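S.K.: Residues per chain are reported as follows:
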Amino acid sequence: MKLVSAVIKPFKLDDVREALSEIGVQGITVTEVKGFGRQKGHTELYRGAEYVVDFLPKVRLDAAVSDEIVDQVIEAITNAAQTGKIGDGKIFVSALEQVVRIRTGETGDEAL
Amino acid sequence: MEELLNTTAGDVTQLKYALDTFYFLVCGALVMWMAAGFSMLEAGLVRSKNTTEILTKNIALFAISCIMYFVSGYAIMYGGDYFLTSITGDGVADEWTYAPSADFFFQVVFVATAMSIVSGAVAERMKLWAFLAFAVVMTGFIYPMEGSWTWGGNAVFGMYTLGDLGFSDFAGSGIVHMSGAAAALAGVLLLGARKGKYGKNGQINAIPGANLPLATLGTFILWMGWFGFNGGSVLATSDVENSNAVAVVFMNTNAAAAGGVVAALITARLLFGKADLTMALNGALAGLVAITAEPSTPSALQAHIFGAIGGVLVVFSILTLDKLKIDDPVGAISVHGVVGLLGLLLVPVTNDGSTFSGQIIGALTIFVWVFVVSLVVWGIIKAVMGIRVTEEEEYEGVDISECGMEAYPEFVTSRK
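Residue numbers (the working numbering), protein chains in the order written: chain A, 1 to 112; chain B, 1 to 416.
This is chain B alone, in the form it adopts within the complex:
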């Protein structure tokens, strides 16, 4: 070994290790930045009286996700011991091609992404601490379990192994996005719609978001972070093959987002007669979610088309959920759930290694697990502490009732 490291080949190996580790870390940091994107998107699409609370929720859920994934999540998903006690600083001895702690860092920001999806859907009426209690279970147990069946490669309760059935989810259309949406859907069903969203005669009332510049900024941040999300999921960049793959993934990720925006914008224009910005924003994210399950094998043209299909689908999905009185202020269930499923189903179109049956079984496995367990957990939290603020608190805004603080205070004087 000593001799080997002294040779040129040994130097190259070290350099590859360093480069892949560095690439992994930078991509992880980009994905971490998506937390800022979700925060801004959600802060923009809620009313100003609920801004402080949604921001508190976003930064707290990120921290909780990091802690719970360190406590139990990573161990459940990829093996090893709780509290990361078995993670070593040096991966060379165990034949890793990058530092093990870089792997943890990259994985932990994904679980935070899944949890961020939930917060937008339940916005403006859920109790802060009920949400945070759910975040503990989601990021420490629910997500890591389905993660262990997919990326972790374990059999589902010892019954079947998804990888053997031809299931493939490159960066997590299903594993991250659809699972977040499944947890969100369970929460929304138990929580109910915001007061005034649906009228007595079935009419759907608009509750316009307070700050569309913030929502747009958030979408751009997510778009940028997605290069880390999908690009980093190649897991390496230190040779020609991998760096080619990384470049294709970046290109296709961007292409799908562009296709999603244009398709959603045109769909909204045709349906409503106006260019709805919020639909265009959702369209960008839908395009991104649609390509996430397989950004490396489609051609650039296919990536645009897949994104565009996501963009059209998300508009109809948002309208359909509203007709079903499933109130999702930011469209998270449509963007991440419905289009997440689409992303999974598009994989076999370009990737010979996957099958439609495998994708469907995988999607069902993820959805049923996350939805059912989430429903139980939300139910327990509801019974123990309640999940919804009172009607009066909802009217006043959860900023005051949950955080005691307004986002935009006016006419304030300090008294001792």
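Next up, chain A with everything else stripped away, as it sits in the complex:
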């Protein structure tokens, strides 16, 4: 099992959600986050004084998926979230030790 965490542009969330549903991902968790990467921040203006917004708003989505579909998931997120412009985000994949469905007590792939 793998935990796929993707940081994407907020307006791409619907596209990514749809793409993941299509390949059979049963659930994702979404968090509004702020951060910076190569895009850095941008400057804004208030009463004549410029200020830098260092951390830009992004959406992070977490999906726990089985090993078989992890490549499909990565591909789906990449295709759906890509604009080709700076700031499209990143995907982090890590090993997932255990998953438990609280309602039934199922564990492992059963619980995904």
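No lab work stands behind these hints: they were computed from the structure. From a predicted model like this one, the values you see are computed outputs, not experimental measurements. Hints are all accurate, no fakes.
Listed below are several chain A residues computed to face chain B (Cβ distance under 7 Å; list not exhaustive):
#1 L45
#2 Y46
#3 R47
#4 G48
#5 A49
#6 Y51
The beta carbon of each residue, even a glycine, is placed where N, CA and C say it ideally should be.
Following the hints, position chain B against chain A.
M.R.: Just chain B now, with coordinates in the frame of chain A:
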């Protein structure tokens, strides 16, 4: 008298009295509503961690203004006894054209306006109770004194009478707005800038306001309230002459605000490359302040132009005060002080009854009195109880340190 009241002429007189009283009261209520405008404007232009405190300050200062003007302010400004004991319910006997208590009501909301101006300028770092202590003196003594020299018609310490010198301030560009700004300036100078506003190398840092919809709502409320502020200052509406004057005042007040917005917006666009909403809001108020000293004699075109001059001036004034490291989060000193002075100086352009020298002497009299006495009072308060919160409290926000309450609480659970 009995016979007279029974005649048609007597009925008309009664009707005029009733109408003028009613008009006065409605205008007073409109001006009272400006307190809501100031509250929203200031709540919008401070950071969210200072919202509860600025709202507390606004409603408390309004109440204190009302009480102090009742205790001593009205008596100092217009004569009579303290605690309004000499105000009668019926004005007919004393040849008033409206009810005396309506006059008090209309005047009391003006002093609250002057005090509201101070609260925005000292926002985000002043101690609540120090501010409220100042409000007691300002509304019970400082403002009524200069009010007695101007609208009250008294000689300045028995030396000279401003009215004789050709001073004219219709609804209070100087008497209300510039005096509020003078008190604010004195406070800000003793208080210092907000932490982080000015950098070591002289750079000016932006401290963006938390809620621009509220600031915009506040500006619209003030704009609306201003019809009572200027319109009510005609003091009557029950005959053709006065109702014409009222209509002109409404028209010109609105025109000046419109001119102020457009001028400030364009000025900001040319200077910064972007349309700065906060400058447009300040521009509306600048237009209103600019026309307040004389809204009845300019033509509609002149009113637009006067407002526009105010709108341009306010942008440059805000930038200049920042360069001087005078930190005014809402631009109150520029809007009400600098443009208030402009308003006074524009009066002789359209009103033959006033003179430039009279306006300058009047402006100096008001400014010097309010600024110097305020400086002394702020100084005393500073020595006795301190006027500034600690650096840590300022960082945490004065909502917590002064009110113990957040404006937008999150993740809260109640425990017994």
